[in-house]
Structure formats: C-alpha cells, structure tokens
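Peer 1: Residue-level listing of the chains:
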Amino acid sequence: MASVAKVAGRVVRAGLVVVFAFPIVFMLVSSFKPDAQIFADMTSLRAYLPTGHVSLDNYRGVFERVPAARMLLNSIGISLITVVLGILINSMAAFALSRVRWRGRQVVLTALIATLIVPFETFALPLVWWVNKLPWFELHGFSLALTTGWLDTYQVQILPFVANAFSIYLFYQYFSTIPKDLDEAARMDGAGWFGIYRRVVMPLSGPAVATVAILTFLPAWNSYLWPLMVVQTEDLRPVMVGISYFFQLNVSWGQIMAYASMITVPVLALFLAFQRAFIASIASAGVKG
Amino acid sequence: MAMVSPAVLLLLVFFAVPVGLAFGLAFTNARLISPRPAHFVGADNFITLFGDSQFWKSLRNTAYFAVVVVPVQAGLALVLALLVNAKVRGRNFFRTVYFLPVVTSMVVISLLWEFIYQPDGPLNKLISTITFDHWHGTDWLGNPSTAMPAIIVMSIWQAVGFHMIVWLAGLQTIPAELYEAAALDGASGWRLFRTITWPTLAATRTFILITITIAALSLFTQINVMTQGGPLDSTTTVVYMAVRTGYEQQSTGYAAAVSLVFFVLVLTVSGIQRFLTRERD
Chain E
1 MASVAKVAGR VVRAGLVVVF AFPIVFMLVS SFKPDAQIFA DMTSLRAYLP TGHVSLDNYR
61 GVFERVPAAR MLLNSIGISL ITVVLGILIN SMAAFALSRV RWRGRQVVLT ALIATLIVPF
121 ETFALPLVWW VNKLPWFELH GFSLALTTGW LDTYQVQILP FVANAFSIYL FYQYFSTIPK
181 DLDEAARMDG AGWFGIYRRV VMPLSGPAVA TVAILTFLPA WNSYLWPLMV VQTEDLRPVM
241 VGISYFFQLN VSWGQIMAYA SMITVPVLAL FLAFQRAFIA SIASAGVKG
Chain B
1 MAMVSPAVLL LLVFFAVPVG LAFGLAFTNA RLISPRPAHF VGADNFITLF GDSQFWKSLR
61 NTAYFAVVVV PVQAGLALVL ALLVNAKVRG RNFFRTVYFL PVVTSMVVIS LLWEFIYQPD
121 GPLNKLISTI TFDHWHGTDW LGNPSTAMPA IIVMSIWQAV GFHMIVWLAG LQTIPAELYE
181 AAALDGASGW RLFRTITWPT LAATRTFILI TITIAALSLF TQINVMTQGG PLDSTTTVVY
241 MAVRTGYEQQ STGYAAAVSL VFFVLVLTVS GIQRFLTRER D
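Chains E and B are the protein sequences, given in the same order. If you read the first sequence in this note's numbering, its first letter stands for residue 1, the second for the next number, and so on. If you read the second sequence in this note's numbering, its first letter stands for residue 1, the second for the next number, and so on.
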C-alpha cells in the first residue's frame, strides 16, 4: 500500500514537471525555428528539441522590426534604478523607525502597515491624472527649465515605485534582530545615526537587502499596466509593453517566441542562480500575514 | 527624522495623494487631458455606472474568476506543497520547476498560452489525437463560454507555484515531534493531516486566501493581452473596465468611480474573509 502511494507520488511529481516546464521549454526551442517547422513539430516531442532548421533568424527579425535593444536597456535601467533607490530609501526609513526614538514614530509605522491592504489598481487611474500635473526640471545647456507633466518619461516609470511600505516592513523586521549593543559600541567610537546605519546595521543586513532587491526587481521588470498607460513613445517603452505591441503587428510566432525568450531568459537565469534567495524572499512575503 | 523623510515624501506623493484623488475625482467630470477644469458633478458617475450593463457584466466576470481561482489555486498549491515537502529525492528540483512560471512575466505567459489555445494549436491537436478525431476542441479564446475558463486555467498554472512556497513555509513551522507523538497514538495519513497539519496552518491559510482573492479581483493583464474583454464581453473585468474608461477614453472621473467600487469590493471581500477565519487564528 505504502509503495503504491510512493510510486503514485513519483508519477505525479514527474507529470507536473512536464506541465510546468514544457510550455517554457517550447518557447525557448521555438524561438530558433521557422514558423512552418514550429507547426510541423507541434504534435511530437520534437517541439521541445532544437531539431531541424535551427537559426537566429527570428531574433534578427525582432531587432529589424522594432527597437528591441532600446526597450531591453529601458527595462534594465528602470529596474536597476528602482531596486537601488528602493533599497536605499526604504532601509533608511526602516532604520529610523526601528532604531531612533522620535515623536510620531508609532503613527508613521501604523500608517505604513495600513497602506499594505490597498492594491495598486485602486489608485492607478487617479495616479495617471496626477502625474500628468507634476512638475519636472529640464536642463537646457546651463539653464534649468520647469516643465509640467510626467507622461512619457523615465521618471514616471521609476519614482512611484521606489518607496514601498512592504520593503520598509521587511527591513524593519530584520533590523529588530540586530542587537542594539552594537549601536552603543559604534556610538562610543563617535558614530552618528547615519554612521551606525551605514557601518553597523546595513553590513549585517545582506539577507534583507537580497529579499527586497528580488521583490522590487520582479514587478519592475514585469510591469505592464502602468507603463501601458503612461508611456506612448516607442523609445521609452519597457519590454513587456514592447512585446504586447509587437504581438499586435501580426508577426510570426517564431519572432514572438524569440522576443519572449529574450525578456524571460535573463530573469530565469537570475532565478536559477539565486534560487534559495528567491524562494526565501517569496516565503518571507508569505509570513507577513 | 531626516532618514525617514524621503520615503514618507514619496509615499505621500505617489500613494496618499492619488488615493485621496480617487475619492475626489470620482465626483467630478475630470478628463485626463482637457483644457477646461474639472467640476463637481455629485453622484453622476455612480448613477451612470450602476445603470451600465457592461459594469454589471464585468463585476460578474470578476466574481466568476475569483470564485473559481481562489479555492482551486489554494487547494492545488497545498497539494503541490505536500508533494514536495515529503523526503523525496530531488525535491529541490521539483520546487524549482513548479516555480518557473511565477518568475515569468504574465504578459509572456499570456502570449505563450495564446499559441497553445489557438484553433489549430497544440491543445486542439492533442484533443484530436486522444479522442481519435471525435472532437477537435474549440476556439478556446474566441468562444464566449470557454474564454474565461481558458484564462482561469492559465492563471492558476502561472501563480500556483507562488502559493506552494507559502504553504511550504507554513508546513516547515510544524514541529516534527507533533507528528511523531500522533503517530505513536496510531494516527496516520489523512488523520495526521486533519488533526495536525490543517489546524496548525490557520494563519497561512488566511494569508493565502486573502492574497489570492485580491490578485484575482485585480485581473487585468491576461485579459488585455489575450481577449481585450471579448468575445461578447465575456471576459471584461472591473480593473479592465477602469483602464478602458480612464486611459483609452480618458474619462478620469468615471474611471475613478470604477476604481472606488473596486476598492470597496476588495475591502469588503477581504474583510469578510478575515471575519470568517478569525476564531481559528
């Protein structure tokens, strides 16, 4: 009886590998094949193997059709800046909230927790209207010009996502596990609050930094709804909006698979390289409840 | 405190103000780009909204999606977690593979499944083969009665790995001694699960229930990429409608009203869930 259950478990687990991995393998493999072959191979195992006429033609086709390299750079830049600023600003806020005693600290903390229940979709549309009214500076040579409206810019894709209550919360939780005696020792050596933050607390917070980096990077890289609404110019588009417009051009499936692979493989590679950190950060997102 | 101010400032500008605006703009005729200033129109937007048959359709579709996805996804995720929690060889490999769709963008996955679902695509070829050509499947996304189920299946496939990890984190907090003690009392299999695993996971359960519900009610990306609300409005959702009116038709005031209804929906449903699960926590 027990062995029947064991065999069944093994079969189910293996079957699920097929269910979850094959569509992604199919995407990667098809990106190297011409359309006629994608459809011919579709019903056999060859769909998951790089067989037949394998080439980089689809990739070449994508770059000829749209500024895909530009969009990749946009997404890389936007994601990296959001991650770096996010780590900096949210960890500083968490430090002030967990280490320093000041009036109104408890109010800010409670307000932050309360914001966690509001989904982005609730205020995304008012936010579009609002960012269209915000001022920005433009540098013309040596003179500074004031402009209005953030639609169709890079900053509109970055700044709204830098400060994040959940990231602050994660840092806050982590900082409370670092002994306060260390602060005292640093203070004896003449360090101020910022010195304690930079030399004592942050160097000990590697795991929290990794978690926040991952949880900021994924939504930034995958963001779709927001840039769809606030970016019109092709040259400012991130990859997810780029590929959805590319799909509407009625290009070949091979080219769509090539574009999809290009924007998926870097994330999958990061995930496979830092699996433990990824899964731990997802799990930590789970225990907040 | 200077160190907290950048974060607070950004949250005020990009969170507090727009949330406040959602309430304010819903009672105006504001347009995204308009030479004339918006003015107060009272409850007009809500009166139009509640008289709009498309709104009721989108509410029904959103509810349909959530009612199926929440229990099925939570349940399957628990089954996956139990499958890879056992001391089996290569469980890390299985976890990693089941998790792959989670780190893949929903846009990419929607395009991939659009290929799978197309009338002469792999799914229908497979159906033809296993039914010996008795049935050739259907145009899954083009048929009003199958479009939403097709999107539901895909959505669960994409996100179930995420909640598997959350269940696993919960499972790993259960001390092994509990199981050992119960096993000494002669309990096994299903009884162990029912008397130890299930009750201990109460907090995890509530969290999973609420996060899947909020994600399900926010359904947008798959719809926008795959069906644009069609066919015959069978896949329009509340968020999709808000984006259509607010962004494509530029009626910010009306879209703010739709967003507010969405907010009330999310708060009510998660409030009810919290209330129903409170005593077990």
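It should be emphasised that the hints constitute simulated quantities derived from the structure, not laboratory data. Glycine residues also receive a C-beta, built at the ideal position from the N, C-alpha and C atoms. A portion of the hints provided could be inaccurate.
[Said to hold, decoys possible] Some chain E residues near chain B, calculated using beta-carbon distances under 8 Å:
(1) Thr43
(2) Met92
(3) Val162
(4) Ile168
(5) Tyr169
(6) Leu225
(7) Pro227
(8) Val251
(9) Ala273
(10) Ala277
(11) Ile279
Peer 1: Which of the numbered hints are not met once you compare them with the structure shown?
Peer 2: 5, 7, 8, 9 and 10
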